[in-house]
Structures are given as structure tokens and as C-alpha cells.
Amino acid sequence: MSERFRDALFILLSSAIVLGLIVLLSYQPPSVTITLVPPPPSATPLPIRVHVGGAVQAPAIYDLPQGSRVEDAILAAGGLLPEAESATLNWARLLSDGDQVYVWRRGEAGLLATRPASGTPARQIRINTASEQELQQLPGVGPALAREIVAYRQQHGRFRSLSDLDNVKGVGAARLTQWAPLLIFD
187 MSERFRDALF ILLSSAIVLG LIVLLSYQPP SVTITLVPPP PSATPLPIRV HVGGAVQAPA
247 IYDLPQGSRV EDAILAAGGL LPEAESATLN WARLLSDGDQ VYVWRRGEAG LLATRPASGT
307 PARQIRINTA SEQELQQLPG VGPALAREIV AYRQQHGRFR SLSDLDNVKG VGAARLTQWA
367 PLLIFD
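Going left to right, the sequence shown walks through residues 187 to 372 as our numbering numbers them.
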């Protein structure tokens with residue numbers, strides 16, 4: 187192979203490589219527009235959890251649809267027992283997550299109403315809005331514990347259930363059992 191032929195071949199190959207690199211580097215694929223479409227919001231809101239207790243067929247915690255009322259919670263629990271005192275219920279009250287519905291037995295609510303002086307309230311107490319004085323109507327609650335409950339509520343926010351109250355210093359399982367029918371979580 188002559189030197190001249192070899193130089194020509196070298197120039198030809200070098201030119202081909204340079205031309206190939208120019209074509210390769212200047213190539214841009216066609217632009218594709220990608221549109222991300224978020225899923226539509228859920229048409230079904232999350233259920234609420236409600237504790238149903240007292241004189242009902244099946245006391246338990248029930249998952250109910252948003253917008254449920256006391257009547258719906260009692261029906262979910264199988265209905266009232268024969269000894270239930272239904273006159274004390276607000277059947278139309280709208281429920282929210284963490285609520286408790288307690289159905290008194292006949293005579294139970296009457297006993298409660300005759301004992302307000304002993305520290306037991308004659309009506310249920312809204313734990314998330316009650317003052318220290320109102321909290322002192324609960325069995326076993328004096329000024330110090332009432333202050334603790336209000337301070338905890340102000341620091342940590344609303345109580346959603348009895349288990350939240352168990353975090354308050356001075357509140358234990360025995361008190362929670364006594365208070366369960368006396369409190370409204372809203």
C-alpha cells in the first residue's frame with residue numbers, strides 16, 4: 187500500500203468519523219409533551235369511628251359514613267335493649283369521628299340527675315369546651331385535675347376519644363370507665 191493511498195484512506199476515515207459525530211451530536215429526538223393528570227378526588231369520604239355503649243344489643247366501636255347521626259350508630263349496634271332509656275337521646279345529633287354514644291338504662295339517668303351535688307353531672311359534658319368548673323362535676327375531679335385537663339387540651343388540642351384523656355396526668359383507667367357515659371367528644 188502506497189503512502190499516498192494510506193494518507194487518503196486516513197483522511198477519508200477521519201472525515202467519516204467527524205461527520206458521524208456531528209450528525210450524532212446534532213440529532214435531537216422529537217419533543218414529547220408529558221402531561222400528569224392527578225387522580226380525581228375520592229367521591230367517598232373516609233368513615234368516622236363511633237363508640238356505641240350502654241343499653242344496646244352490641245356495644246362496640248363502629249365505622250360509619252360521614253354525616254351519620256345517633257340513630258345510625260344505634261342501628262349499627264343492633265338497636266336498643268328493652269331496658270334502654272331512649273328519651274335521653276338526641277337521635278338527630280350529627281356524629282363526628284371519635285364520638286361516643288351512650289344509651290342509659292331505665293333508672294340510670296334518673297339516678298344521675300338526682301346526684302349533682304356529689305360531683306356527678308346531671309348532663310353530659312363536652313370535654314373539648316368544658317371549663318375547669320364544669321370538669322369538676324365529673325367523679326373524682328377536683329380543681330387540680332381540672333386544671334391538668336384544660337392545660338393538656340390547650341397544649342395538645344382536642345380530645346378525640348377516651349384514650350386521649352388517658353394521657354393526662356392523674357387520669358387512669360378507673361376514672362375513664364366512670365367518665366365514659368358522661369363525656370361528649372365533639
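Treat the hints with care, as some may be off.
What the hints assert, rightly or not - Distance windows between CB atoms, simulated:
| id | residue 1 | residue 2 | range |
| --- | --- | --- | --- |
| 1 | S349 | Q243 | 58 to 64 Å |
| 2 | L267 | A330 | 21 to 27 Å |
| 3 | A273 | V336 | 42 to 48 Å |
| 4 | V218 | L280 | 49 to 55 Å |
| 5 | G356 | R292 | 19 to 25 Å |
| 6 | T221 | T315 | 34 to 40 Å |
| 7 | L280 | Q341 | 24 to 30 Å |
| 8 | V223 | A273 | 51 to 57 Å |
| 9 | L267 | P227 | 36 to 42 Å |
Simulated from the structure, these hints should not be mistaken for laboratory data.
All residues carry an ideal CB built from backbone N, CA and C; glycine is no exception.
Hints, one by one, checked against the model:
The hinted window of 58 to 64 Å between S349 and Q243 is violated, with their beta carbons roughly 24 Å apart. For L267 and A330, the Cβ-Cβ distance of about 38 Å falls outside the hinted range of 21 to 27 Å, so the restraint is violated. Restraint check, A273 to V336: a C-beta distance of roughly 32 Å breaks the suggested window 42 to 48 Å. At roughly 50 Å, the beta carbons of V218 and L280 sit within the given window of 49 to 55 Å.
In this structure the supplied range 19 to 25 Å is violated for G356 paired with R292, their Cβ-Cβ distance being about 33 Å. Under the hint 34 to 40 Å, the C-beta atoms of T221 and T315, about 48 Å apart, miss the expected range. Remark: the range hint 24 to 30 Å for L280 to Q341 is upheld by a beta-carbon distance near 28 Å. Distance hint check: the CB atoms of V223 and A273 are about 54 Å apart, consistent with the given range 51 to 57 Å.
The beta-carbon spacing between L267 and P227, approximately 41 Å, falls within the hinted interval of 36 to 42 Å.
When each numbered hint is compared with the structure, violations occur for hints 1, 2, 3, 5 and 6.
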